[in-house]
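K.L.:
Produce the complete structure using the sequences and hints provided.
2 protein chains.
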Amino acid sequence: MIRLFHSPLSPFCRKVRLSLAEKKLEVELVEERYWEKDGEFLRRNPAAKVPVLKMDGMMMAESSAICEYIEETHPTPSLLPKGAVERFEVRRMVSWFDDKFHHEVTSKLLYERVNKKVMAQGYPDSANVKAGARNIKYHLDYMGWILDQRRWLAGDAMSLADFAAAAHLSALDYISDVDWNRNDNVKTWYAKIKSRPAFRSILADQVPGFPPPAHYTDLDF
Amino acid sequence: MIRLFHSPLSPFCRKVRLSLAEKKLEVELVEERYWEKDGEFLRRNPAAKVPVLKMDGMMMAESSAICEYIEETHPTPSLLPKGAVERFEVRRMVSWFDDKFHHEVTSKLLYERVNKKVMAQGYPDSANVKAGARNIKYHLDYMGWILDQRRWLAGDAMSLADFAAAAHLSALDYISDVDWNRNDNVKTWYAKIKSRPAFRSILADQVPGFPPPAHYTDLDF
Numbered sequence: 001m002i003r004l005f006h007s008p009l010s011p012f013c014r015k016v017r018l019s020l021a022e023k024k025l026e027v028e029l030v031e032e033r034y035w036e037k038d039g040e041f042l043r044r045n046p047a048a049k050v051p052v053l054k055m056d057g058m059m060m061a062e063s064s065a066i067c068e069y070i071e072e073t074h075p076t077p078s079l080l081p082k083g084a085v086e087r088f089e090v091r092r093m094v095s096w097f098d099d100k101f102h103h104e105v106t107s108k109l110l111y112e113r114v115n116k117k118v119m120a121q122g123y124p125d126s127a128n129v130k131a132g133a134r135n136i137k138y139h140l141d142y143m144g145w146i147l148d149q150r151r152w153l154a155g156d157a158m159s160l161a162d163f164a165a166a167a168h169l170s171a172l173d174y175i176s177d178v179d180w181n182r183n184d185n186v187k188t189w190y191a192k193i194k195s196r197p198a199f200r201s202i203l204a205d206q207v208p209g210f211p212p213p214a215h216y217t218d219l220d221f
Numbered sequence: 001m002i003r004l005f006h007s008p009l010s011p012f013c014r015k016v017r018l019s020l021a022e023k024k025l026e027v028e029l030v031e032e033r034y035w036e037k038d039g040e041f042l043r044r045n046p047a048a049k050v051p052v053l054k055m056d057g058m059m060m061a062e063s064s065a066i067c068e069y070i071e072e073t074h075p076t077p078s079l080l081p082k083g084a085v086e087r088f089e090v091r092r093m094v095s096w097f098d099d100k101f102h103h104e105v106t107s108k109l110l111y112e113r114v115n116k117k118v119m120a121q122g123y124p125d126s127a128n129v130k131a132g133a134r135n136i137k138y139h140l141d142y143m144g145w146i147l148d149q150r151r152w153l154a155g156d157a158m159s160l161a162d163f164a165a166a167a168h169l170s171a172l173d174y175i176s177d178v179d180w181n182r183n184d185n186v187k188t189w190y191a192k193i194k195s196r197p198a199f200r201s202i203l204a205d206q207v208p209g210f211p212p213p214a215h216y217t218d219l220d221f
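In order, the protein sequences belong to chains A and B. Using UniProt numbering, the letters of the first sequence correspond one by one to residues 1 to 221. Using UniProt numbering, the letters of the second sequence correspond one by one to residues 1 to 221.
Everything labelled a hint here was simulated from the structure, so no lab data went into it. A portion of the hints provided could be inaccurate.
As the list makes no split between identical chains, a pair holds if one copy fits it or if it spans any two.
[Said to hold, decoys possible] BS3-like, lysine-lysine: derived pairs with alpha carbons at most 27 Å apart:
id, residue 1, residue 2
1, Lys37, Lys130
2, Lys130, Lys187
3, Lys187, Lys137
4, Lys137, Lys37
5, Lys54, Lys24
6, Lys130, Lys116
7, Lys100, Lys192
8, Lys116, Lys37
9, Lys82, Lys23
10, Lys117, Lys100
11, Lys82, Lys24
12, Lys192, Lys24
13, Lys100, Lys116
14, Lys192, Lys23
P.N.:
Okay, structure coming up:
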């Protein structure tokens, strides 16, 4: 049995969940309060963060290494194209979201507004929240510009890049921080990915103290 | 001709340089003052950071995507093993250094002490420097523990994981921030990797205002 130690709104966990679900790999989700640095969890993962995936007898950390492993051991349906140039573009876009978008948007909105409260680490820093709200605009514009030229974010087929992006945006959508009216291309793209069976578990997430807005689960948002 | 837009002490650039050199791919290095956000550079790379690699007619950003591309297009000598489990371990360790070590050590020592001055962004934050000096100890211990069980960081063959680690440590060694006497395994490992022909360009780096210590280039340090 595959088991994922996760946190519901973590974009890195969501990316792994989407990959597993798209490949129809059943997983048992175990919610982990990783910031409490429980001894049992630290033994599983010295990096003290989620996701940690128990699969094939291993305890695996680092979401990008995990997704490559899932792809190599379960290549169908494919989330990475065949050609080296196309694969580069997928990985570049995954890094764009997990590194740049994470730093400029996710950490400044989601972590300030939700994680700090859940972890009892004080109040949101309003300068960060303002910067995140400003930054997400140009990221949505960048995505819209890309989606003007391609069907999916890294090419003509859906890939890990789309899951990385959707993992961040869906977590931000849970707290109503995505303006879906800003760019039609982005809205159309998200509607396509949101309606996939792989997305169901993500849409069922609930964080105590933070009820999702009605549009969060609505496929016609 | 392959061209790399880089910054000499950037660990992400050094990782790419080591990969190219190990595969005997000649590269022209172009030093980039990326923090000045020159219009020409921003056109090459909207993420406004280094490394940017010009290769096969593309302008490529994101060091991990770049290294995977180099590996796929020039598989010999190999920097990624064959098996999925072994490949996972290499990628996990690369993320360990580029994410965790970078956050806990490199950004707190190198960026505070060198980048801030070079970028004219003020003085080092002493709390960060102290934290970095404390954190590097347990990272060296972790590496020592791993190297007690394996010849190289991710297994019995040298891999991208060793280059990622050596990229960070060599940049920190340039400012004398690595205590090589802390762990014999780590010192032996670094002596092996430092003596490879691929390392020569790294050892020849010079940053104005920051002369390297004598031991930096010494293979018998």
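K.L.:
For each hint, tell me whether it holds in the structure or not.
P.N.:
Hint by hint, here is what the structure shows:
Only between protomers do Lys37 and Lys130 lie at most 27 Å apart by alpha-carbon distance; the minimum there is 23 Å, versus 30 Å within a single protomer. Only within a single protomer do Lys130 and Lys187 lie at most 27 Å apart by alpha-carbon distance; the minimum there is 23 Å, versus 46 Å between protomers. In this homomeric assembly, Lys187 and Lys137 come within 27 Å of each other (Cα to Cα) only inside a single copy, at 13 Å, whereas the closest approach across copies is 47 Å. In the homo-oligomer, the alpha carbons of Lys137 and Lys37 lie at most 27 Å apart only across protomers (20 Å), although the nearest pairing inside one protomer, at 35 Å, exceeds that limit.
For a Cα distance limit of 27 Å, the shortest separation of Lys54 from Lys24 inside one copy, 16 Å, qualifies, whereas the shortest one across copies, 38 Å, does not. Taking the closest pair of Cα atoms, Lys130 and Lys116 come within 27 Å of each other both inside a single copy (16 Å) and across two copies (25 Å). In the homo-oligomer, the alpha carbons of Lys100 and Lys192 lie at most 27 Å apart inside one protomer (24 Å), although the nearest pairing across protomers, at 34 Å, exceeds that limit. In this assembly of identical chains, the alpha carbons of Lys116 and Lys37 lie at most 27 Å apart only when taken from the same copy (16 Å versus 32 Å across copies).
With identical chains, the CA atoms of Lys82 and Lys23 are at most 27 Å apart both within one copy (17 Å) and between copies (22 Å). In the homo-oligomer, the alpha carbons of Lys117 and Lys100 lie at most 27 Å apart both inside one protomer (24 Å) and across protomers (24 Å), since each shortest distance falls under that limit. Taking CA atoms no more than 27 Å apart as the test, Lys82 paired with Lys24 passes in both settings, with 21 Å inside one copy and 25 Å between copies. Taking identical chains as interchangeable, the C-alpha atoms of Lys192 and Lys24 lie at most 27 Å apart only when both belong to the same chain, with a minimum of 18 Å there against 44 Å between chains.
Proximity of Lys100 and Lys116 under a CA criterion of 27 Å is satisfied in both settings, with 21 Å inside one chain copy and 20 Å between copies. Within a single copy, Lys192 and Lys23 get their C-alpha atoms as close as 17 Å, which meets the 27 Å cut-off; across copies the closest is 42 Å, which misses it.
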